[in-house]
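Colleague: Sequence:
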Amino acid sequence: MDIATTERLLLREICEADKDLVVALSMEASLLEDFSRTEGFKEIYAQFCWEEVNSPTTYNCLIFCKESGDFVGKVCMQYIDKPVPELGIDICTAHRGKGYAPEAIIAFCNWYGETHNLDCIQVRISKGNAHSIHVFEKLGARFVGTSPYVSENSLETMQQLLPDANFSELSQDSVRDYLLDLPIR
36 MDIATTERLL LREICEADKD LVVALSMEAS LLEDFSRTEG FKEIYAQFCW EEVNSPTTYN
96 CLIFCKESGD FVGKVCMQYI DKPVPELGID ICTAHRGKGY APEAIIAFCN WYGETHNLDC
156 IQVRISKGNA HSIHVFEKLG ARFVGTSPYV SENSLETMQQ LLPDANFSEL SQDSVRDYLL
216 DLPIR
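Residues in the sequence shown are numbered consecutively from 36, following the working numbering.
There may be inaccurate statements among the hints.
Straight-line Cα separation of at most 20 Å, SDA-like style, residue types lysine to any residue; simulated pairs [stated by the list, open to error]:
| # | residue 1 | residue 2 |
| --- | --- | --- |
| 1 | 117 | 133 |
| 2 | 173 | 131 |
| 3 | 117 | 93 |
| 4 | 133 | 92 |
It is worth saying that the hints were derived from the structure and are not from the lab.
The task is simple: from the sequences and hints, build the whole structure.
Modeller: Here is the structure:
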């Protein structure tokens, strides 16, 4: 089902046939690059990604270029059971720098905000991701503080899967937290 369209983009719900697209995008965006090269990890990570996308507390949609039909990325609202849900967006490397992220964010947030009667969402951005910080600040997001990159539950799961990995950077103040008022048109 189509969720929103812009001049250049089509946003639609995720379906079972999209699993390979979702997993490939997650692998491309993963902070665990050193580990994502092994087959055992890829299999576990693919299962984890698909379960995460289908979580009852997350609403996901895919982004496609209207003209070519190319897969551009994914935008989601996480923690939808909380008073202030969190926006997440991943754009395929090949489509970065074309203005798709702000266009998709505006379309998705306006649709989601109107549909769910929201005034505000949270955005968490890795402190090293200057481009995303710039995009969200340009859209009017207000900086409110920092937090660890992953929750303690997620960190514990990753440490069980990869006992030799060093996750110290993920468990520190590695994320900048923002609030974005809706609608953002």
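Colleague: Within 20 Å, alpha carbon to alpha carbon, are residue 117 and residue 93?
Modeller: holds (11 Å)
Colleague: Is it true that the CA of residue 117 sits at most 20 Å from the CA of residue 133?
Modeller: Cα-Cα ~32 Å, so violated.
Colleague: Does residue 133 pair with residue 92 here, judged by a C-alpha cut-off of 20 Å?
Modeller: violated (30 Å)
Colleague: Straight-line Cα separation of residue 173 and residue 131 no greater than 20 Å?
Modeller: holds (17 Å)
Hint violations for this structure: numbers 1 and 4, all remaining hints satisfied.
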